[in-house]
Every structure is written in structure tokens, then in C-alpha cells.
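Colleague: Single-letter residue listing:
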Amino acid sequence: MAAEQFPETAKGMNRSQKIVFSNTMKKAEWKNTKVIGGDIVQEMKRMKKSKGLDMVILGSGSIVTQFADAGLIDEYQIMIDPVAIGKGTTMFKGSKSKLDLKLTETKIFKSGIVLLCYKPM
Amino acid sequence: MRKLIFAINITIDGYADHTSGIADDELHDFYANLLGTVDIVLFGRKTYQLIESYWSKAPSDPQATKSMIEFANKINSLPKIVFSRTLDKIPLSSEAAAMEGWKNTKQIKENMLEEVLKLKEQSGNNISVGGISIASTFMKRDLIDECWFLVQPIVLGGGRRLFSQRDGMPEKLNHYNRQLELVDTDKFKSGVVVLHYKKI
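Chains A and B supply the protein sequences, listed in that same order.
The numbering of the first sequence is this note's numbering, which starts it at 1 and goes up by one.
The numbering of the second sequence is this note's numbering, which starts it at 122 and goes up by one.
Calculated directly from the structure, the hints in this document are not laboratory data.
This one's a predicted model, so the numbers in the text were calculated from it and none came from an experiment.
Hints may contain errors.
[Claimed, not checked] Computed list of lysine-lysine pairs in BS3-like fashion (alpha-carbon distance at most 25 Å, straight line):
#1 A/Lys87 x B/Lys320
#2 A/Lys11 x A/Lys31
#3 B/Lys308 x A/Lys110
#4 A/Lys110 x B/Lys319
#5 B/Lys308 x A/Lys102
#6 A/Lys110 x A/Lys45
With the hints as extra help, turn the sequences into a complete structure.
Modeller: This is the structure in C-alpha cells:
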């Protein structure tokens, strides 16, 4: 479906190396996908030390909280939509400690979306 | 018609917690300037008492900066309305009791929304509202014309949220989903980002 609507994005997503963090999923059908379970914080520390380009998490609240708590995220890019809603899932839900960040960049889109970029202090 | 405006500090993850933000001179100047556009302030009971307990004493606080004192003078001098069903009498500190703006507090117990609509129809400058709970109620009733979110460079992981679901709210208000228009943005040295929206 995405291949029709967003062909470039779909191509990029298909081509990229992907990792699914899961304790229940055994095997991923999507090509170039690896499943990792167990101690994902240790695994991420190991992955950060290995050679290669940067890694990105797109969404995925639960692993973001775990990696943020462990101090493993080097950059946060958050898009704020111009909409107020009364419910939903929160970012960093269940985070164990307060996280102080440094604002590095902002960008405003025509749609009214505001991009906020931060680094850990 | 007068505008009802709302400004609040909020963390990146959407929590409104007054104890965790960076409250420097730039932030106090922002709120003092905003209060310069209003001639009455509405409060929920908790926020009213919180603001009164500190800001009525701030002018005599040796630790207070010039910006803080300017903000204190603004908030202390404005007429106020407090919405509370539980307070019988509004308790004021001795400092606040000597200030016109605090003495000039009207308590409203019932028909909160009708009272706000009446105020909006009167002539005058903007009306400001403070307090997560009443601001959320007013927002969901489409009474807030403009709002400012001061996004603090902080992730908290828990706390009170704006516009969240509440017991006793009609279902359609708990499924609140409202598009806003981004008016402008600003940045403070502290890393606070100001997002200014208005009702579409």
C-alpha cells in the first residue's frame, strides 16, 4: 500500500536494516529485519559501539522510554501537531527519572507542525 | 467580544507541572507582558491559592529579581475570579489582604460556563485563565480563543496532563480532538519554546 502512495519512502524502508525489539515475536517476514529480545539495553549499548551509520527509532514509545532512561538516546526530534486531544498514549510513558534536555533546533512547517530537536545535557 | 487566553508551562512529554520548569527572567517577562493584555484573571481554586501564597509575598522577597517583581505587581493588581464550590470564604495572606487585586476577588460557585460567556460579552481587554482543570474544561467547551504552551526542555514521565479525560465529563468532551492554528513561536535562552495557537 505504501509502495503506491509513498514509493520513495517505501523503497527506503524496505532497503534499510530494521530491528524489532520483541520478546514474543520469533521471526519477521519483512526483508532486512532482525528480531532482538532479552536485555535490549545491553544489546543497544553493543550496537552503538559497532561501526555504521546512525540508528533511528520512529515512534515505539516503550523502547524509547527504556533507552532514554538508560541514557542511550543522543538526539530527540519531536514534531508537535497543531491539535489538542483529550486522550492517547504519552511519550516517555513510565520514564523513571526526569530528563533535562538542551534545545538544539526548531523548525516550523507550513501545516503548523513544529519540530523541536534536543540533545541530552 | 473579549478573548479568553490561556498560557501554561508544559514539559516535552505534555505534563503541566509548575515545580519542574525553568523559571528565569525571560519566562517571567513573558507572563508579565501577557498579563499586560488582560484586565481580569480567572482561576481554579488550587491555582488561585498557589499564586496567592507566593506572588503576594514576592515584592518583599529579597531573592526576587526585577522581572519577578514586575510579574508580581501585575498579577497582584489585577481583579480576579476564583471558581470553587468548596471554599466558603477565600482565605488571603496578610500581604494579599492589603492588595486591591486580591481583595477584588469574586468567587463563583455555580454556572461557571455561563459566567465566562457573560464576561466575554462584556467590553474590556483579554481575560486570562489559570489552572489545569478549569482551563481544560474551557478548552473543551471552545471558550479559549488563544493559548500559549511554554514547552520546557524536560521529560518528566508522569504528572498532570492538559485536556485529559475526566470523570463526569460528557463522552463527547472526553473524546476531545480540536485542530488549532499555529500563530507564532518563540525561543528563550533556557531552551523553552513558546508555541502560540488560536482557535480556528
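Colleague: State for each hint whether it applies.
Modeller: Hints and how they fare:
{"no.": "1", "hint": "A/Lys87 x B/Lys320", "in the structure": "holds (19 Å)"}
{"no.": "2", "hint": "A/Lys11 x A/Lys31", "in the structure": "holds (12 Å)"}
{"no.": "3", "hint": "B/Lys308 x A/Lys110", "in the structure": "holds (18 Å)"}
{"no.": "4", "hint": "A/Lys110 x B/Lys319", "in the structure": "holds (15 Å)"}
{"no.": "5", "hint": "B/Lys308 x A/Lys102", "in the structure": "holds (12 Å)"}
{"no.": "6", "hint": "A/Lys110 x A/Lys45", "in the structure": "violated (38 Å)"}
Consistency note: the structure conflicts with earlier hint 6 alone.
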